[in-house]
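**Q** Residues per chain are reported as follows:
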Amino acid sequence: MSLIDQLDQIGQDARKAADEAGDAEALARTQSAVLGRKGSLTQLLRSLGKLDPQQRAQAGQAANQLKAELAELFAARRQQLLAESDRRQQDQSVWFDPTTPAPVRQIGSVHPVTAVQFEIEDIFTRLGFTIETGPEMDTEYYNFDALNTPSTHPARDMQDTFWLTNGMLLRTQTSAVQVRAMEKFGPPLRVVVPGRCFRAETVDASHNNTFHQLEGLVVDRSISIANLIATMKLLLREVFGRDLPVRLRPGFFPFVEPGFELDMTCQICDGAGCKTCSRTGWIEMLPCGMVHPNVLRAGKVDPQEYTGFAFGLGLTRLAMMKYGISDIRTLTSPDLRGLNRPELLYGPTIIERS
Amino acid sequence: MLISLNWLRDFVDLPAELDPHELAERLTMVTAEVESVEQIAVEAAGLLAAEVLSCRPISGTRQLWRTEVSTGRQQFVTVTAAEGLATGQRLLYAPPGAQLPGIGNVGRSTVADHKSEGMIVPGEAVGITQATQQAVFLPPSVQVGSIVDRADLADWVIEIDNKAITHRPDLWGHYGIAREVAAIYGLPLKPYQAFITPLEQMEDSALPQIPLVIDDPDKCPRYSGLLIDGLVSQPSPLRMQARLSHVGLRPIDLIVDLTNYVMAELAQPMHAFDGHQVDRIEVAVAKSGERFTTLDGLERVMPAGALMIQSARRNVAVAGIMGGSESEVTSATTRILLESANFEPVTIRRCASALGHRTEASARFEKSLDPANTVLGIARFVELAKAELPDLRMASTLSDCYPKKPHPVSVEVDLEFVDRFVGRHIERRRVCQILESLEFELTPTGDRKIRVSVPSFRATRDISMDADVIEEVARFVGYENIEPRLPAVELRRFEPNPLHRLERRSLEMLCGALGFAEIQSYIWYDASWLSVLGFAPGPCLTLRNPPASGLDVLRQTLAPDLLRSAERNRHHLERFGLVELGSVFLPAGADGRKTDLERRHLGLAFVLRGSGKDEDKCLEQIKAAVEVWAHQVLDRPAGFVAPSGESRWLWQHANKTAEVVIADKPVGYVTVVPDPLKGRIHQHLRRWSIALAELCLDGLLELPPIESHLPPVPSHPQVQLDFSILADADRSFVQIADLMKRFKHPLLRRLGFLGSYHSPSLPPGTRSLTLRAWIGHPQRTLTEDDRHQFEAAFTQFLAKNDLPLRS
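If you read the protein sequences in the order shown, they are chains A and B.
Per our numbering, numbering through the first sequence is continuous, rising by one, with the last residue being 354.
Per our numbering, numbering through the second sequence is continuous, rising by one, with the last residue being 1807.
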């Protein structure tokens, strides 16, 4: 019998024996008879030394190939035999319903505005922005004067301010942190500032005297209007998950020049015109603009060398849009039911009707 | 601001087929947001000017008059409810066969047993703002029987958002809007000079000057006036009445209408004084507390600094806001002193807001009007008045006191900077064309530089630097024509903000892993809720203008709102955790503070149904949350120590309260809410347990990093031995732990705390503590002997310290 024929024979025998082995022990014995120290294949491999080099190489390759194949075969057959025997040893008559949920437990949740805030923070962090904070009780200087809004400015009347008896105020806008951020970091600068703002407005379903904004500020050499548009488009794409048509039109805010309103296609009617967008097809989303040179100067930044843009995103409004909250007061209510999907409060839901 | 399309067409030849919505869209994109576009479609036909021949009330009715009218060739009898009719008046009449909106064909009928032919047209039927049922009176210049041109009545009205033009005084009149519209459509703007006759051409040099004195030129940079004779009280032309109505100004009478018309056209407010009452002018600052009756009949107290118009030092008007009742024009007025002035905006704004009375005039003066317009306004008034009043003549020369002329404004613009700032190239030709269409004058000052002279109507506030000029160029180029491009920025390091990091990680951990639900409350207390709690907050920061009474005190703790939320949510949840992270406000003075402070607090509440033992479980939950939070977020343990004095807050339990110590600093407390307080909130709440924690984050921002050397994994097995000991209940965990530290044994690797147990089954006055000792040897496996020997040594140590094993 040639060597190759011998190998074929060993292979055939081993496969048959592995198939016939009834349990892991029997298989181990079979394996040892072929691949063990005194196994048939091992011995055959040893005898190869006597062959002339050309034959040796050819036969050696075939023998090693068979050895690898059989090792794999035995390992697979072993797992199969173990699994069968493991299953036989388990009591399958025990009642079990795989579909029952785990019992009710506390799940926990951040506030909808916080959830949106974190999401936006992450978007800007990915763009290399840093995140800053500022006080809710602030000075007239940071909230108005430093923002090119001296007491003689008509815009001071546009925002009804809560004043404290100590002469300070509750910030009316996160823009109050613009000059603080410039003082802290100096240019170049990329920063977003989430935070709570306060305006003495009459409270109703769509207005609250307490709300969240997220301010953005970029100051660098040669920042342009084109840069502002691209950044705002990117922001909206990240938030809404797709490219949205936007339009930029003039808007007036004392601390930017020029100032813009950035509108995006109404998400309710997809631009066709509906009640939400006052039939215009557009939703006012982001007041923004190029940082006014006086604001840069207030932040000790040289407007000859640097330009910048700033924007204010209404986090509260975004949260209302995202979660379909129609009454803004829900967000400052102590009632958790307005802030959470029911299953977060009560656990698995079977029927849910509003 | 309401803009009439008909009016704009006076100044720009807009195509007849222009879609007003398209115009509105382009105004929104280039100039200012348009809020609405409304068509005034007057579906009327066959209306005539008629003269009243007679008018008498119909007996037995209260409001009906039998009126005879003439349309020249024909006479009609009509029954009308219109008031104030008198023989000789001219008015708008719909003869039988005419059509009126909402009525259709006007015919003949019988009203209150009287025959009635056609009808006297009520103002509201043709878009003229009048009192209900008021007839539309026409001036004597109208020929009786003439057909009314419907084109004067039908119009489109565009409403511009006032907030979008606060910085643009020029846009508060139709001519300014027309200038923008002309530039948008590339059409010529008719020069305003074409709408006036220069006053010099009408003046007689023999006429006197009006004596004008301005006390404080800073507050009144210019005052122009003219005395005019030959006035008659009469209705304005129909077209003027219609336009005023369309832009929200009610037509009253020719003189008043003319001042309003010029204001709506040129943005120059004007006032007509009765010329017999007022023939000299002084502009002076009011004495504080001075009283003055305005022409609406109200006596008002003048605020400090109010600017007054006086005549012979007698107040006749509040400058820029409203005239006085004594000097107002009446139906008998034949001579007026026409005021056209320029006032300092802040003075006017402060006075109007102090009086609580903003008028069309003051709204415009607040915006820094162009002083060049005062004389233009007078000339335009005269031009329009002349057409209606043949006897009109000037009774003074144009009197103009102009002590404070503004400096001309010019800005040098670098076209390379324009390209860089906008982010695209704009041809020099295009830049020039845009600016010239807006009446800027340009002088080249270099290859890429232009000196831009700002016209007076843009120079008062609006345009003073290159960014302002660039905006003009960019908005006409169109922002949609700027290719978006992300900024090329310089990378740099930003010092991280530890507060933000701490806050975000805290919320993510507490809400994400520990099951707390976040709430966000108002930062002011609600006095009525505090009263329920019985909590008197003591010295606090307060609002000068709170949102409502009882909401004026800023919170110095988050606990009241957590309690409110606990009460609200227990009705639908049996077991829940609440977290709020927010600002609290601490006044100077208290606790030795030198200044008022804002602090960031983390408040936690754990609420569950059940009292007694459940209360301890509830407290354990909060303690566990604080411990896990401290490890996860601050990378260090939280310790609990006995509070150093009487409990400070009403919601702190008299003895179940612990101070929280992190990094050797007291940062807050944990407690359970005592029964009586729960009972005050709601009787049923006594059956619930509420545990609270409130921690101040500000002291935890700059903690040094902890050195954490992880111990090597023992190479030989260790043995765990548990010891349950009995301790006097008045020995605290911290005391016992300190004592344990004195126990030394070569095999002891770690001694830890497993739990504390307190029960009536234990000897009175004691509790049980379970400790776990880990013993081991670095070089060998322990023997049974090792273990016995350790147990003996440790038990002996415990006994010596009065901590016997619980058998």
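In case anyone wonders, no lab produced these hints; they're calculated from the structure.
Think of the CB as a built atom: it goes at the ideal place given N, C-alpha and C, for glycine as much as any other residue.
Check the hints yourself; a few may be wrong.
Here's a subset of chain B near chain A, in silico, CB distances under 7 Å, partners left out [as the list claims (entries may be wrong)]:
hint, residue
1, Ser1288
2, Arg1291
3, Asn1481
4, Ile1482
5, Cys1540
Mimicking EDC-like on lysine to aspartate or glutamate, the simulated pairs with C-alpha atoms at most 20 Å apart in a straight line are [to be verified]:
hint, chain 1, residue 1, chain 2, residue 2
6, B, Lys1163, A, Asp13
7, A, Lys275, B, Glu1328
8, A, Lys275, B, Glu1038
Partial pick of chain B residues on the chain A-facing surface, computed with a CB cut under 8 Å [said to hold, decoys possible]:
hint, residue
9, Ile1040
10, Ile1434
11, Asp1596
12, Tyr1757
**Q** Give a verdict on every hint.
**A** Hint by hint, here is what the structure shows:
no.: 1; hint: Ser1288; result: 20 Å, violated
no.: 2; hint: Arg1291; result: 26 Å, violated
no.: 3; hint: Asn1481; result: 10 Å, violated
no.: 4; hint: Ile1482; result: 5 Å, holds
no.: 5; hint: Cys1540; result: 10 Å, violated
no.: 6; hint: B:Lys1163 with A:Asp13; result: 93 Å, violated
no.: 7; hint: A:Lys275 with B:Glu1328; result: 46 Å, violated
no.: 8; hint: A:Lys275 with B:Glu1038; result: 17 Å, holds
no.: 9; hint: Ile1040; result: 19 Å, violated
no.: 10; hint: Ile1434; result: 14 Å, violated
no.: 11; hint: Asp1596; result: 5 Å, holds
no.: 12; hint: Tyr1757; result: 26 Å, violated
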